[in-house]
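Asker: So the chains spell out like this:
Number of protein chains: 4
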Amino acid sequence: MKKKSRFLHTPIEPFVVEGGLTADAVLARMERISFQGRNLASARRIWNRMLEDDVTIFLGMAGALSAGGLRLIVAHLIAHRYVDCLVSTGANLYHDLHETRGQHHYVGSPLADDAALAEDQIDRVYDTFASEEEFVANDNWIAGFATTLETRAYTTREFLYQLGRHLWDTTKRDGILTAAYRANVPIFCPAIADSSIGMGLSQARQKLSGAGHIDVIGDVVESANMIIRRPRTASIVLGGGTPKNFINQASVQAEYYSPEVSGHRYALQIVTDVPHFGGASGSSLEEAQSWGKLGAASPRVSVQSDATVALPLLVSALASTASAAVARRKAPVFTLASRVMTIDGQTVPHDRFEEVNESAV
Amino acid sequence: MKKKSRFLHTPIEPFVVEGGLTADAVLARMERISFQGRNLASARRIWNRMLEDDVTIFLGMAGALSAGGLRLIVAHLIAHRYVDCLVSTGANLYHDLHETRGQHHYVGSPLADDAALAEDQIDRVYDTFASEEEFVANDNWIAGFATTLETRAYTTREFLYQLGRHLWDTTKRDGILTAAYRANVPIFCPAIADSSIGMGLSQARQKLSGAGHIDVIGDVVESANMIIRRPRTASIVLGGGTPKNFINQASVQAEYYSPEVSGHRYALQIVTDVPHFGGASGSSLEEAQSWGKLGAASPRVSVQSDATVALPLLVSALASTASAAVARRKAPVFTLASRVMTIDGQTVPHDRFEEVNESAV
Amino acid sequence: MKKKSRFLHTPIEPFVVEGGLTADAVLARMERISFQGRNLASARRIWNRMLEDDVTIFLGMAGALSAGGLRLIVAHLIAHRYVDCLVSTGANLYHDLHETRGQHHYVGSPLADDAALAEDQIDRVYDTFASEEEFVANDNWIAGFATTLETRAYTTREFLYQLGRHLWDTTKRDGILTAAYRANVPIFCPAIADSSIGMGLSQARQKLSGAGHIDVIGDVVESANMIIRRPRTASIVLGGGTPKNFINQASVQAEYYSPEVSGHRYALQIVTDVPHFGGASGSSLEEAQSWGKLGAASPRVSVQSDATVALPLLVSALASTASAAVARRKAPVFTLASRVMTIDGQTVPHDRFEEVNESAV
Amino acid sequence: MKKKSRFLHTPIEPFVVEGGLTADAVLARMERISFQGRNLASARRIWNRMLEDDVTIFLGMAGALSAGGLRLIVAHLIAHRYVDCLVSTGANLYHDLHETRGQHHYVGSPLADDAALAEDQIDRVYDTFASEEEFVANDNWIAGFATTLETRAYTTREFLYQLGRHLWDTTKRDGILTAAYRANVPIFCPAIADSSIGMGLSQARQKLSGAGHIDVIGDVVESANMIIRRPRTASIVLGGGTPKNFINQASVQAEYYSPEVSGHRYALQIVTDVPHFGGASGSSLEEAQSWGKLGAASPRVSVQSDATVALPLLVSALASTASAAVARRKAPVFTLASRVMTIDGQTVPHDRFEEVNESAV
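Chain order of the listed sequences is R, C, U and S.
Using the working numbering, the letters of the first sequence map in sequence onto residues 1 to 361.
Using the working numbering, the letters of the second sequence map in sequence onto residues 1 to 361.
Using the working numbering, the letters of the third sequence map in sequence onto residues 1 to 361.
Using the working numbering, the letters of the fourth sequence map in sequence onto residues 1 to 361.
Don't read these hints as lab results, they were simulated from the structure.
Be aware that one or more of the hints could be misleading.
What the hints assert, rightly or not - Partial list, derived from the structure: chain U residues whose beta carbon lies under 10 Å from chain C:
| hint | residue |
| --- | --- |
| 1 | Ala-62 |
| 2 | Pro-243 |
| 3 | Gly-278 |
| 4 | Pro-332 |
What the hints assert, rightly or not - Coverage of chain C stretches by chain R, computed from C-beta distances (three or more under 8 Å per stretch; other residues unrestricted):
| hint | region |
| --- | --- |
| 5 | 22-33 |
| 6 | 59-73 |
| 7 | 107-115 |
Heads up, the beta-carbon is just placed ideally off N, CA and C, and yes, glycines get one too.
Full structure from sequences and hints, please.
Answerer: The structure is reproduced here in structure tokens:
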């Protein structure tokens, strides 16, 4: 009989149904099935390894996840330091603020009559509705808050920390912004101008000349300096967009100034976009290696799935199995209240890169 | 203050993370989030309603689910009568037979070198490998079995029952074909010629003149007659393809002969295909209503997800919460061992439709 | 200065806009852009090479292409022998027959009210409408025709040839079925039971006992024997589904009996499905190599696009640039009117494989 | 005979193949087919109507279109004023600058060995390669240019105009940035920080303290003021992302200050993303109506296609058939060289919104 091929070593183990399984048991039984189910099981293992290693974990977040009911998952990940730094679209932070302010998004339908919704001033996000009137009030609230700041440029990191503080002080409610404020986790929002937070900031100028200035280039410097300070990093990306690229760019930019940086040590993405149209949102983690965004030997997994399906299961499982690792973690310690942030006691400039001399390393 | 819009009634409830949640608790917390996560939670509720109602439940199955580790989920659904009739592609039955015969599919990688695999005679299904040599042996085994049958045309339903019996007799192992045999659940395979089972049948002709005859048109008649006998039906579809259309076609064909038939009473599909290219696999359940495949008021839900992600969670939850309904169910009783099947004691012809006179109803 | 990398040889040439460009000039300017645009330009080149080589060209056709306005493109490809054998879903042949019989599909909208359509007995295919009443009449017409045949099993190849003949005799109109009849191009329909043609055939049994018998396993034998007779083949696939697999399976099955067969020499697919969910429709042409469906060195290209966008441009360009190659082609010559077809004067059995002894080759 | 349904009025007209057809003739024959082919034909008609109406046409551009060979199409659209304002990702402008500086992207393969590419410092964008060394030089070139500007905050509109000017002065080559400079077409880049242009700007700070300041909130004000000045607008979007939302946001923001603004009058998008995961990139134009981003009666079309397939055909056809309309157009006239831009001679502030009193209108 023919010798068994070197390609055949680990048999697929069909998923066995049983009542009463916990989320982590479900994922454990998905370890040896195929396709995206297996990838989701791998995502749990890789996230676990990140938590057990000494790495700074970036979380990127695009798509309508906050409006879609995942904001308290992200808040949980921040509060319990499953992640160390959030990079988000403006919309996800805005929809988080909307609910933290005591308002709601509503169960709707993708088949709704949009003309009727427009007449009622209801905004639709696929199958989810919200009140435009409340949105206008949010914008105004943000504009008002922005006028209380100094009339100088803020990085989004500094601005969002202050916004989280104000939100916590006035609401005492859990959410992404408030959790990040309370846990001293930095948030970057590279495309803040492209969101209702940006609209609120723009309206601040109507109230106060010189208000609403954001230094997004400072964010580029600061995020790279974070990695120069702590070169071992991991990337978790939900949904592509600007956060995915910004997290990778920070690593590439840091590498330019420090020989110790050599791409993320782990990478995990949950995306719905595909590689073959060339866009960055759907780009593969293999491609990321060619750019040095990801180390060539770094564990990685791409899960092709809507985050609203994959994330509840994944995080529920992690909450069961990763709590010990989370408790043991030495997460980086930030101070974020000032123009200049610190990480583990060291300043992180936003106006120049920390150049690390190769010989000095 | 403005009156609240009629469109805003049920707030989104963000998913709250907690360790130790069971699969059904995870799904319960997804009921009021958005997008495909909400749809998956709805799928559980709708399946539950099917089980509590007096309907014949069809399950359609396309894609590489058996090779991909979901065959024992389908076997479980059949054995415990979460479903009453399976419509499958040939490949899913073939890969089931492969494992039931004691062989395996293997964990592989989509990045494998296909030329090297070809040299080793390893066949790849995305990230899953299998031995071509074992496949050739399966084909031969099927061909051999087919020569033991009478040299007349068999519907796929009759043939697959006999195949399941032979498989059970020789292996005593669980799988889709053996579970269906043991639970007397009919299987249709409208595109059997387009699969390795079809290849095995074709090779039977080499061994025995006149062997390997399949009456797929008989399947069309028989499946429609099943619905004429029991007009209340439900449709669960995994992955589109020929099974999706065949289940719908049976209802449309039955309606042609019986005024009591008026489309499925419930419909649930887990698909990755999309509607906007016009293909049937991705077609919406709304579109199905225009054809009368689905009643206009029938509960329905489409989940856009890889089944390897969605099904383990969904069925694990059902196994916890639907067991009472399953126990109470009066599932249709079939006999399948002969050329003519019966349902609840009545014959179901495959050579003519049971015409139901409107006045006689 | 650093030496240029071996990876950088052919620069991207941006597409330059100009009025009055012909379809082939547009495609020529797409040769050196990126992503699916480049792939579409490659598809033209590869198809051209097929036409210049001595290969039997199979065309597979799934999705709603006939209803969607591409049936005369396929008819043209058949009539002018850009292809030599069609493998189709039943639906595409049925919707072709519908129009060849003088009826229409209609411009509709995906946003239509499906309940209202159902009331009017209008069937919707995404953005396209048709009359259910006319469909019922077609089914009946097919049933009537089927009763005029001998009461024995027909391969789909033989049945569809006779159907094409009858359609031509009664309508004298161009279409897929009539073009194939007139050009003596065989059509296989492995999933014929899963279509309205299957429904029509099933209704034939109501009119005449013993009518409507189809030998789909005979198709498996016959298609493989075609390749045993002429081992050099090419595969063009539109939209995946059963035709894609059937064309590949024929090659694999043929190889089992003849050492001269070694996978398609060229492969081109225009698909919307993706590989990462494991289904055959979206599977890559690299994966096909592992199975031996495609030779390891065979030119190949996958175009990720709706065929209604890609095919009009591609075939318009081919009609300009490939006419000389088409004129020079020595396409295989078939006779299809009998139970046993011939290719280049040799019979092609459907009841046993032509075994080719290795030493005899 | 039954009366014909009101739903059936315009028959599908199958595409008829003919050699020598021009791009516009191909599109004309796609007007009455189905699915995305029909949508692409509609896109041409709607774009034509924009050109014949008195509207400001915004073009949004995401994805890797510049690297992928479409940058000279966009340059052509700008130079000939098929569009009046570009909103782009930073990457598209950066890859444009890369080629305008005389460098190239290269034809590559998605199957390349990324570890080998990384070793050679070759960056991959799906099937396209580029030299990292050249990218580093670009970043440095941008940084150097940025130090020549005043040390104050620039809107991206002002900065990109100056960048285009410098690029033209030093290269005299066609491209997006240079065409926009020469045609006085404003470019906004709301996520400029998330791109290599942002990286270049961040590096300017290393060279000169206080350099590289961008006022992205100023862009929000300025873009809305453009619409307050000229309330009739149209939106053309390639690929979703921040440009899509920014164009819509400008309209919504403008409406807040002026009763004359009521959503875009026309909308056309060519996207590959889908609506059902809730992200803005894939959101439907129907959904846009609920937000007031698009007027309820505005002509609109969504084409689900890779832009590298759809755009060459679409723009080639427009270049033939829209030239008269383009020649007749009264496009808005901008001056962009200063901190404050003008449109048709009126200033467009970036530090406060132009409030239009309802009674004054």
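Asker: Hint compliance check: list the failing hint numbers for this structure, sorted ascending.
Answerer: 4
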